[in-house]
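Novice: Residue numbers (numbering that gives the first Met the number 0), protein chains in the order written: chain A, 0 to 211; chain B, 0 to 211; chain C, 0 to 232; chain D, 0 to 232.
Bear in mind the hints are in silico, worked out from the structure with no lab data behind them. A portion of the hints provided could be inaccurate.
Not everything, but these chain B residues come out facing chain C in the computed CB check (under 10 angstroms) [claimed, not checked]: (1) P56; (2) Y57; (3) F82; (4) M116; (5) I122; (6) M125; (7) G134.
Here the structure is a predicted model, which is why all the values come from computation and not from measurement. Where is the CB? At the ideal position from N, CA and C, for every residue including glycine.
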Amino acid sequence: MAWDRNQMAARAAKELQDGWYVNLGIGIPTLVSNYIPAGVEVTLQSENGMLGMGPFPYEGEEDADLINAGKQTITELPQTAFFDSSQSFAMIRGGKINMAILGAMEVSETGDLANWMIPGKLIKGMGGAMDLVAGVGRVVVVMDHTSKHGESKVLKACTLPLTGKAVVNRIITNLGVLDVVPGGLKIVECADGVTEADLRAATEATILGGER
Amino acid sequence: MAWDRNQMAARAAKELQDGWYVNLGIGIPTLVSNYIPAGVEVTLQSENGMLGMGPFPYEGEEDADLINAGKQTITELPQTAFFDSSQSFAMIRGGKINMAILGAMEVSETGDLANWMIPGKLIKGMGGAMDLVAGVGRVVVVMDHTSKHGESKVLKACTLPLTGKAVVNRIITNLGVLDVVPGGLKIVECADGVTEADLRAATEATILGGER
Amino acid sequence: MKKIYETAAKALDGLLFDGMLIAAGGFGLCGIPELLIAEIKARGTKNLTIASNNAGVDGFGLGQLLENRQVKKMISSYVGENAEFMRQFLAKELEVEFNPQGTLAERMRAGGAGIPGFYTKTGVGTVIAEGKEHKDFDGQTFVLERGLVADLAIVKAWKADPSGNLVFRKTARNFNPPAATCGKACVAEVEEIVPLGALDPDMIHTPGIYVHRLIQGTHEKRIEQRTTRKKAA
Amino acid sequence: MKKIYETAAKALDGLLFDGMLIAAGGFGLCGIPELLIAEIKARGTKNLTIASNNAGVDGFGLGQLLENRQVKKMISSYVGENAEFMRQFLAKELEVEFNPQGTLAERMRAGGAGIPGFYTKTGVGTVIAEGKEHKDFDGQTFVLERGLVADLAIVKAWKADPSGNLVFRKTARNFNPPAATCGKACVAEVEEIVPLGALDPDMIHTPGIYVHRLIQGTHEKRIEQRTTRKKAA
Chain A
0 MAWDRNQMAA RAAKELQDGW YVNLGIGIPT LVSNYIPAGV EVTLQSENGM
50 LGMGPFPYEG EEDADLINAG KQTITELPQT AFFDSSQSFA MIRGGKINMA
100 ILGAMEVSET GDLANWMIPG KLIKGMGGAM DLVAGVGRVV VVMDHTSKHG
150 ESKVLKACTL PLTGKAVVNR IITNLGVLDV VPGGLKIVEC ADGVTEADLR
200 AATEATILGG ER
Chain B
0 MAWDRNQMAA RAAKELQDGW YVNLGIGIPT LVSNYIPAGV EVTLQSENGM
50 LGMGPFPYEG EEDADLINAG KQTITELPQT AFFDSSQSFA MIRGGKINMA
100 ILGAMEVSET GDLANWMIPG KLIKGMGGAM DLVAGVGRVV VVMDHTSKHG
150 ESKVLKACTL PLTGKAVVNR IITNLGVLDV VPGGLKIVEC ADGVTEADLR
200 AATEATILGG ER
Chain C
0 MKKIYETAAK ALDGLLFDGM LIAAGGFGLC GIPELLIAEI KARGTKNLTI
50 ASNNAGVDGF GLGQLLENRQ VKKMISSYVG ENAEFMRQFL AKELEVEFNP
100 QGTLAERMRA GGAGIPGFYT KTGVGTVIAE GKEHKDFDGQ TFVLERGLVA
150 DLAIVKAWKA DPSGNLVFRK TARNFNPPAA TCGKACVAEV EEIVPLGALD
200 PDMIHTPGIY VHRLIQGTHE KRIEQRTTRK KAA
Chain D
0 MKKIYETAAK ALDGLLFDGM LIAAGGFGLC GIPELLIAEI KARGTKNLTI
50 ASNNAGVDGF GLGQLLENRQ VKKMISSYVG ENAEFMRQFL AKELEVEFNP
100 QGTLAERMRA GGAGIPGFYT KTGVGTVIAE GKEHKDFDGQ TFVLERGLVA
150 DLAIVKAWKA DPSGNLVFRK TARNFNPPAA TCGKACVAEV EEIVPLGALD
200 PDMIHTPGIY VHRLIQGTHE KRIEQRTTRK KAA
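For reference, chain A alone in the conformation it holds in the complex (with noise of 0.2 angstroms):
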């Protein structure tokens, strides 16, 4: 029952349509590039500049100037191009990259995202997500429906200061698809063995409708 990460994986490449440039983000997003589906050509895009972003080298063929946005070090592909931080998000921004796939740490009903900090306690940065979701055509978020404590993740409204707001438009966790839309989440999807009352059960966030 419910999906591992790698089916979360698998169920977010099902999002990407041919000919799209895509940003993933750190974790689990990172893992939807194997499993993109056959026929369905995506030019990854790095933040830290690159587009056309291939898989990690072959042991022995690591570079040192070849990394992704989480600085793990990965190779080029015929059509790569790499450019500098600005122009990377001068395309981000500027609304060129058509999805984005990131985690989260909460996301509400209305597609606010929190991602990057935990006051007192956690703090890392925002890095690019901030800019991600404000610029890209379409963001997906990728997490765990609810926390080690079994507590909803999918919120009324975040606790978490934002990396955006009302920026997401599609949910998928380990329980199933959600999508934002007016007055709060609409059902896409339950994952394997999970029933809509599960999926309702896990949720604080106001889903609408008795029906999908």
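Dock chains B, C and D against the given chain A, drawing on the hints supplied.
Specialist: Showing chains B, C and D alone in chain A's frame:
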């Protein structure tokens, strides 16, 4: 008596300092590059996207892709770098160019410059002149002191639409050299065979002091 | 994701409409998208607003669209090379919005970069700044200029690969990269389409994400001011 | 106009002072000016404000300046790799101004381009926008961000020529070009200085006008996350 175009250009060339990046306008300022003093190395910027502008090409070696801001065919040098127009004006606006030498229709005692239009008559546009006078470190104007009709073009206030307000540092005309200082203009030098009285007589603008 | 089209006609299909705003690359006649301009002339699209540093010359480049009376308004910095332009403008048959050259370039870049407005010193105290918002930063006065987003960008590059990565040559680069970014759609014409992988990924001037359609063609590349020097004897 | 210096020490002579603002290129440990950072550590310049996307790691890159307590304030987007940073920050021994990554890059570019302020959607509705001026354009709300001008920019490139033209390699380019533009002075460290004329003028990433001093040196180029895949059997 008085300087000709080439003498004005030669005088303007004395403004150049070793290591400077300089933008030369169309007309007499273009001639300045023929008079760069020995031992003074300057890099010429052409605002259409080039640093390190070389001389005109030899006949038969013209390249349609290699022109200056006056649309004239030119050549490159070993240190040349090409870039786009937004980068070109980023360096101009950002104050990276040490000096611009420009032509003028009128200049005022407060350093106002007019060189881009005569309402109802002539409409060419300002090109990059407004950016240059606003952005570069030092602005030197090279112009005829009077109109064809003998009227002063060095005025108390410009009558034509401005290119920039309080932007000119030094004025080089066929009659001499004047600096824009608090309260008016200050004579730096008279042209060959021109007396200070001649210069004052030909100038509508306030010229300070009885002596230089 | 096929970006390569056979002809300018096919590449512009569905992208042109009366009253649209087109951003064009080029400086003078250098690096202008001459094939796409010729096709826009052939289509006869009307009431165009064109953002381009210059307006071509009589009979070539954007000058052809002026002669054909397809242009309602130009957004330009310098138009001194074009007698027909001057005539239409002084006769009030053509609107002109003069932008300082750097402001125009930055407006295109900003429009493409999701920046709706930026402050510049350029033009403060001149007619260009009249009616625009002013703001002081650190004791100096600046004027607010707007990012420019065009319905269509037309640009000319030297080489492209099938993914739309563009490389420009010498000063023919000029306004092409910023123009390419500010179009809701961007069509590029190039001298040569090279195979994927033939361009050095460190040396791409305009990444393919900005380029939606691509044609290869033969360019006249007319020289506006042929200036030369003699070889020393 | 000699730009080449023998050592980092000589290249930084006269440019460092307590309380200064330094903009540094690099992303993570990729493309960081490691030789210049080491020299700033050796000098012990104090109360630094450093604008850099990241803060290095414990013991390498800017992390060394943190450990050495030379840093008063960081302007960064992501600092998750650095335990000492977190400790100093949570203990309020270090100020941090978080900037979204794209806003930081654009602030550097703007500062270098004479643009004191620009509007962006990034961060609207978040703590980042609190206290900043907001403005609506075309029905959307944007926040005003400031151009950033540093007393000194330190960058790392792959190659340079003696005129200061820089070329970067792969993703080691990152923040280096915008950082280079925003310094009142800019010092670059490179892996190789090539003769004048050896770089293709169409392929210069940072024109020499931005670079005041230049050193060549050997770089460790440490890898932060060594991720690999196995060859199929």
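Novice: Give me the numbers of the hints this structure contradicts, sorted from smallest to largest.
Specialist: none
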